[in-house]
Amino acid sequence: MTSNVSPVSLDRATPPLAIELVGIDKRFGDVHANKGVDLTVRKGSIHGIVGENGAGKSTLMSILYGFYEADRGEIRVGGVARRIRSPGEAIAAGIGMVHQHFMLVEPLSVIDNVMLGAEGGPRLAAGARQVRARLAQLAADYGLALDPDAIVGDLPVGLQQRVEIVKALVRGADVLVLDEPTAVLTPDEADGLFRLLRILADEGKTVILITHKLREIMAITDRVSVMRRGEMVATLDTAATSPAQLAELMVGRRVLLRVEKAPAAPGPVVLAAENVVVRDARGTARVDGVSLTIRAGEIVGIAGIAGNGQSELLEALAGMRPLAGGTVALEGRALSPAERDPAALRRRGLLHVPEDRMRTGLVPAFEACESAMLGFQDERRYGAGALLDRGAIVSDALERMEAYDVRPRAPLLKTSKFSGGNQQKIVLAREIERGPKVLLVGQPTRGVDIGAIEFIHRRLVALRDQGVGVLLVSVELEEIMALADRILVMCGGRITGERLPGETDERDLGLLMAGVAERAA
Amino acid sequence: MEELSAAIAVFDSGVRLSVPLLFACLAGLWSERSGVVDIGLEGKLLAAAFAAAAAAHATGSAWTGLGAGVLASLGFALVHGFAAIAQRGNQIVSGVAVNMLAAGLTALVGNAWYGQGGRTPALEGAARFEPITLPGAEAARGIPALGPLYADVLSGHTVLVYAAVLATLLTAATLKRTRFGLRIRAVGENPAAVDTAGVSVPALRYAAVLIAGVLCGFGGAYLSLAQAAGFLPQMTAGKGFIALAALIFAKWRAWPALGACFLFGLLDAISIRLQGVSMPGIGLVPVQAIQALPYALTVVLLAGFIGRAIPPRASGLPYVKER
Amino acid sequence: MSAPIEMRRWADYVLVPALAVAAAFVVAGLVVLAIGENPLEATALLLRGALGTGEGVGFTLYYATNFIFTGLAVAVAFHAGLFNIGGEGQATLGGLGAALACLHLDFLPGWLLVPLGALGAALFGALWALVPGYLQARRGSHIVITTIMFNMLASALLVYLLVNVMGKPGSMQPETPTFASAAHVPFAHEVLARLGVTVPTTPLNASFLLALACCYGVWLLIWRTRLGYAIRTVGANPAAAAYAGIPISRVTIVAMMISGALAGLLAVNEVMGVQERLLLEFTGGYGFIGIAVALMGRSHPVGIVLASLLFGVLYQGGTELAFDKPTITRDMIVTISGLAILFAGALDGLFRAPLGRFFAARRKAGG
Amino acid sequence: QGQAVKPAIVYDLGGKFDKSFNEGVYTGAEQFKKDAGVEYRDFEIQNDAQREQALRRFARDGYSPIVAVGFSQASAVEKVAKEFPNAKFTIIDMVVDAPNVQSIVFKEHEGSFLVGLLAAKASKTGKVGFVGGMDIPLIRKFACGYVQGVKYANPQGEVLQNMTGTTGAAWTDPVKGGELAKAQIDRGADVIYHAAGGTGIGVLRAAADAGKLGIGVDSNQNMLHPGKVLTSMLKRVDVATVDSFKAAKDGTWKPGVTVLGLKENGVGWALDDNNRSLITPDMKSAADKAAADIVSGAIQVHDYMADQKCP
Ligand SMILES: Nc1ncnc2c1ncn2[C@@H]1O[C@H](COP(=O)(O)OP(=O)(O)OP(=O)(O)O)[C@@H](O)[C@H]1O
Ligand SMILES: Nc1ncnc2c1ncn2[C@@H]1O[C@H](COP(=O)(O)OP(=O)(O)OP(=O)(O)O)[C@@H](O)[C@H]1O
Ligand SMILES: [Mg+2]
Ligand SMILES: [Mg+2]
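Residue numbers (my numbering), protein chains in the order written: chain A, 843 to 1363; chain B, 18 to 340; chain C, -8 to 358; chain D, 2 to 312.
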């Protein structure tokens, strides 16, 4: 399917334009997010947009969707200039958008979410009937099956994204914007999505796709635009470019897309889990009897579709969740419940880079220097007794920011004012620089740009070489393949397979992640 | 028989006491479901009670009184809405301010008009809402148990009491079954989702806040035109806050709100009845203990049975697109 | 970098409230007009009454003392993400604690009795806040309700005790006997008199200094101690607190107790300082104003002191106003306070946005 | 010919228009203003600290006599009277022992006794009610006298008692007052006496609505519901105020304690066109006889304040 690009390349002869953005300019306070950006998108094409974190991609698209209003610039849809001041007007102009951060009402059902804003009449019952029919039809046409009455909050991210796409389609969008849609999908799911996008494009709909994954750009887009620091630096035919070229355009310098690392020299087991069971508030087992070991000086990667218990396992190992069963041993000594307190574990050299930096890893409202001591606030270096030593805190934070090239180097700036990648660097600087014995890492490069990814990956490998045992949880198979010395695959709260990176590929892992292979084996 | 009639009387009084709470509670429900926290219920009740009494006294008509009450309450609702929605101000402060403003202005204006320290003259006849007897109430009285229940508890209340039940029904139905209700439910949980769906967040929130204003208007009018006969400064005596408690009790749902408010009314009625009654074993319980009973029970219930009540996720947070 | 931030801070804590209060006065002026008085004259009377005379200043500061205590109480809870409406009840219990100490330890010398009285006030206030704090932390009961309920319970308890247990025999007034002279908290006019300065008699007493000390203490606690760091983390981001291994429910309870203790200290000013006996309703609604004070003061001691002074001025100036203009009753004070809270606390955007632009322009101009 | 007086009044927290004794003082002052044509100043305090402030303020501005309404003012009067020895102070409802203070206290229990007697006689059910504002000594004093009166007229008579609340709202909550009255009526009471300030308005209203009888307090409240208010227990603070002002004007003002009971006709019960139809001749004669006996001492009405107990 994905290979079938021919029809598009044919009608490239006289391509009508679906979208034209001219001189779009947008400021957020001090941040100049878009600087006179131009963009033209051909009808019936799949148009990729890449760029570093904070380059201004989401902002540009949010402007096209009327979510933000541009300070300056013009929007043309199908050749005619349009004033799009609100999402309502964008929808009316046939534009639909799947946002990077989903715009769903979690406590409501799928159908309620789909209907919201397009209820078709003051009484819900009437509209609901039609929407159900439409849902059934979309399921038939595109395989976008959804249980209309499921509560969105209970759905896995993959399905939540499906709800977002269905929302756009039900509203009859001709132009579909997707902002980093694959960040939360497995390769299979991603391919599924791409197949769908291709069908839509062939039907004459226009797709704009924002992503950080050059693999995807190369695989599916017809043309690609590159943004950097709020400016549009290039728009190219995908066929006529290469990942390396794109990466260089994005970051403004060469980046090597692969981490070279020496083979691991594993030492003694530093962390061992035995039949670990973790239950959620409802009492269902999210982690269901997992056993694993991590040796000094190796990186163990856990692959899996988001929401299959990796997060819970990680938090349980870090002492943030009680164990419903099983034991965890640190350096050969089983830990008592009392010892499994996060603070206590930290003191014993088990450090943790959480999956969700904004929710868990940092305090957005704090000054950067205060976020940079989170979890270590009791250390003497930050002051004796009950009192904290401001000077020490700031200088310590400054050192870490230097070491990890956090920009801007402003320990007193609010954490929330830093860009995603920079926030991630703050967390890493805090945990890694303490010379851990064991490091638990969740999604270290989620939503982080290539430049930063390269840096982070190097650090993790360096850490391994210093003899630290690293447990890496990531939904990015590329990342797992690139870093891990041993790969465990999780599905439905169990470990469904163990592989060595040499002797596996993404297909193989994908099957394990889907829980298929297990049954096969 | 003694016990029965006593019980009936207590229920009857419980109904009366719970009505202002219910109006205020529903008001809070609308406001908070749309994401606007409202601790200004007390103030709106008070303003409405005053305006209603004043207008009823001037025109001699309870209905114009009701109208005036609603208008006054709407005025304060608009102030709160402007602060919370347009200005993205702190909703709690704005609520506190509304309460103080209402307390001050009612007394001030009332004094300027009637020179009785803010009290309005007593209301008579048509200027008040009189109890209405439901059809066949007298006839039904004969039937054991159910008869008196119907005749004394259900029948014989002012029209506003039945309006309160109707309001509950409408609230529940609107939220559950209509487009507007869906949007309100959504905007209280995730305004961005509503916005990106092409629906105006401010419009929805203003609508909800104004509905709250109307409901508080009814509650206030009930206080000064039905339960009492005229306005007295501070006559709401904290009902707005009890209503908030009931709202959390009811976990922001309409019918449970009715239940919670009736529970509070009943507790109050019972505590009235228990005063001076000597308990077996304990002997004569100090008045204050009895008077504290409803509050103590509330805490116990809350701690014991209700558990965590999670408010609408976006309630209290002004909606800002640009961080 | 820091200069503009300082500038904004300063504007945030001083300029914005100032403009807001001005606006409040304009609106209040209209009300005054409506009841047939001259707003300018009224304003003049109010300001002169509050700041023009030694007595006025004394009363202004006396009121401010109450507001500082209750404002700090609300603020500390806020930093832990808790909304403590229970200031009234906690202050009431504080009065009880102070009274018990002053009545039953009256054999002690003043230098010992007074601190013990203050301690009793803080302790009882803290205990009364402990229960709601505990219920919130361990049972998830909504703190707003429980604290409201505890206000009611506190007043019931106090009436019972004053009427049946601690009341002064033969007095119509439900009040305890007057405390032993050892328990006397020195008045400003007494102290100054000893220094040879004579100022008019006012209720202003040493607890004002205690209040200022508490401001410094709270600032230190919140921004310079490990406990404060924990409190702010729990308040700003509970998930992060759990990640950091901070015992959330313990911190919640402790924060509530500190908050309650601060509210309880109100009794040092009212019960020990001014009334020198425990009586009903001495909390006079200061607990509720405390909410507004904390919010207007952005939960920062400096802001709280300023907001407290503002309300002190409104209370004292308003009294003088009511004195000289019988047509303007005491309710005017409530009205003006309400307006001040509205403009300074909720409509501050009206003034903050333009100011922000102004300073931004200034900064650009400055390069 | 009298000397120039500058009378002033400091009301209690209840405020000028509490439909109770504060209001009584106000009416008296207005009366005096009309008769003697002398202006006066008054002030409604908002919190305890203002008592002293207001008294001192008036004294400093040369006002005298200064009437302090309510027992809560005692300590303030004591202090300020010392500071201004040549200002005259009159405190109502409390005794303050100072050379320039006149204390006026009332025998509310005697008046309450009489209305209790009338209530018992008017009651068909033998059950009567009492609704107080807050459970404090002063109110117990009212209740105690009332109960004695009821028992005197009807030894089997039963008195249902309720208090409204434990906060200031207890005095301004007509709704709660109404509910309390209704509750008592449901339990058989058909005459209800209130001592609850503004709350009492709700009590009288509820009684009237239910076709029962209410009894007013402090000032004459018969006119609130003509024919539905049996009578009102009068506490003649208005008279006391007028007398104090007059005395000051005529230069006959004397410090010391004045106890106003039935004898001094400082308390009593109201009989006017609004309730004449309700008071049968035999009720009237019984009340008058009891009054005479109390004055003569033949009937001893126990004062709760004497020992904080009620027989
Ligand atoms: N609502 C907002 N308020 C203030 N600043 C914002 C807002 N949204 C984005 N920004 C800032 O504008 C810049 C561009 O942000 P944007 O989200 O468009 O980047 P992006 O290219 O989507 O980055 P990413 O790849 O991380 O999604 C960043 O500095 C970002 O922090
Ligand atoms: N929401 C925001 N509000 C205010 N300023 C912001 C905001 N987001 C980012 N900034 C500022 O703008 C700067 C640029 O942000 P941006 O997201 O473009 O960073 P970046 O260079 O893309 O870093 P990264 O690639 O790591 O995301 C940030 O360093 C930060 O100081
Ligand atoms: Mg970014
Ligand atoms: Mg983005």
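Read the hints as simulated data drawn from the structure, not as lab findings. Hints may contain errors.
[Stated by the list, open to error] In silico DSS-like links for lysine-lysine, alpha-carbon gap of 25 Å or less:
| hint | chain 1 | residue 1 | chain 2 | residue 2 |
| --- | --- | --- | --- | --- |
| 1 | D | 229 | D | 264 |
| 2 | D | 83 | D | 7 |
| 3 | C | 159 | D | 34 |
| 4 | D | 250 | D | 125 |
| 5 | D | 152 | D | 250 |
| 6 | C | 159 | D | 310 |
| 7 | C | 316 | D | 125 |
| 8 | D | 247 | D | 229 |
| 9 | A | 885 | A | 1103 |
| 10 | D | 264 | D | 128 |
| 11 | A | 1103 | A | 1256 |
| 12 | A | 1256 | B | 268 |
| 13 | D | 35 | C | 316 |
| 14 | D | 250 | D | 34 |
| 15 | D | 125 | D | 7 |
| 16 | D | 290 | D | 35 |
| 17 | D | 128 | D | 7 |
| 18 | D | 152 | C | 316 |
| 19 | D | 7 | C | 159 |
| 20 | A | 877 | B | 193 |
| 21 | D | 285 | D | 83 |
| 22 | D | 264 | D | 7 |
| 23 | D | 35 | D | 255 |
| 24 | D | 255 | D | 125 |
| 25 | D | 255 | D | 83 |
| 26 | A | 1259 | B | 193 |
| 27 | D | 128 | D | 35 |
Keep in mind the model is a prediction, meaning the values are calculated, not measured.
Evaluation of the provided hints:
In summary, the hint linking residue 229 (chain D) to residue 264 (chain D) is not supported, as the alpha carbons are separated by about 28 Å, beyond the 25 Å threshold. About 19 Å separates the Cα atoms of residue 83 (chain D) and residue 7 (chain D), which keeps this hinted pair within 25 Å; it holds. Restraint check for residue 159 (chain C) and residue 34 (chain D): the C-alpha separation of about 38 Å exceeds 25 Å, so the hint is violated. For the suggested pair residue 250 (chain D) and residue 125 (chain D), the alpha carbons sit about 50 Å apart, so the restraint of at most 25 Å is broken.
Restraint check: the Cα-Cα separation between residue 152 (chain D) and residue 250 (chain D) comes to about 44 Å, which exceeds 25 Å; the hinted pair is violated. About 14 Å separates the Cα atoms of residue 159 (chain C) and residue 310 (chain D), which keeps this hinted pair within 25 Å; it holds. Of the supplied pair hints, the one linking residue 316 (chain C) and residue 125 (chain D) is violated, its CA atoms being roughly 52 Å apart against a limit of 25 Å. Note on residue 247 (chain D) and residue 229 (chain D): the hinted pairing is violated, with a Cα-Cα distance of about 36 Å set against a maximum of 25 Å.
Between residue 885 (chain A) and residue 1103 (chain A) the alpha-carbon distance is near 44 Å, which puts this suggested pair outside the 25 Å criterion. Straight-line distance between C-alpha atoms of residue 264 (chain D) and residue 128 (chain D) comes to about 29 Å, which puts the hinted pair past the 25 Å bound. Of the pairs offered as hints, the one joining residue 1103 (chain A) and residue 1256 (chain A) is violated, with about 36 Å between alpha carbons and a cut-off of 25 Å exceeded. For a cut-off of 25 Å, the pair hint linking residue 1256 (chain A) to residue 268 (chain B) is broken: about 35 Å separates their Cα positions.
Taking the CA atoms of residue 35 (chain D) and residue 316 (chain C), the gap is near 21 Å; set against the 25 Å cutoff, the hint holds. The suggested pairing of residue 250 (chain D) with residue 34 (chain D) holds, with an alpha-carbon distance near 12 Å, which does not exceed 25 Å. For a cut-off of 25 Å, the pair hint linking residue 125 (chain D) to residue 7 (chain D) is broken: about 51 Å separates their Cα positions. A hinted pair counts as satisfied when its Cα atoms are at most 25 Å apart, and residue 290 (chain D) with residue 35 (chain D) does not qualify at roughly 35 Å.
Our distance criterion of 25 Å between C-alpha atoms is broken by residue 128 (chain D) and residue 7 (chain D), whose separation comes to about 49 Å. Restraint check for residue 152 (chain D) and residue 316 (chain C): not satisfied, since their Cα atoms lie roughly 50 Å apart, outside the 25 Å limit. For the suggested pair residue 7 (chain D) and residue 159 (chain C), the alpha carbons sit about 35 Å apart, so the restraint of at most 25 Å is broken. For the hint pairing residue 877 (chain A) with residue 193 (chain B), the CA-to-CA distance comes to about 45 Å; that exceeds 25 Å, so the pair is violated.
Only pairs whose Cα atoms come within 25 Å are accepted, and residue 285 (chain D) paired with residue 83 (chain D) is rejected, the gap being roughly 47 Å. Proximity of residue 264 (chain D) to residue 7 (chain D) is assessed by CA-CA distance (about 30 Å); at most 25 Å being required, the pair is judged violated. A threshold of 25 Å between alpha carbons decides the hint, and for residue 35 (chain D) with residue 255 (chain D) the separation of about 23 Å falls inside it, so the pair holds. For a cut-off of 25 Å, the pair hint linking residue 255 (chain D) to residue 125 (chain D) is broken: about 47 Å separates their Cα positions.
A hinted pair counts as satisfied when its Cα atoms are at most 25 Å apart, and residue 255 (chain D) with residue 83 (chain D) qualifies at roughly 17 Å. This hinted pair does not check out: residue 1259 (chain A) and residue 193 (chain B) have alpha carbons roughly 40 Å apart, beyond 25 Å. For the proposed pair residue 128 (chain D) and residue 35 (chain D), the alpha carbon gap of about 43 Å is over 25 Å, so the pair is violated.
The structure shown violates the earlier hints numbered 1, 3, 4, 5, 7, 8, 9, 10, 11, 12, 15, 16, 17, 18, 19, 20, 21, 22, 24, 26, 27.
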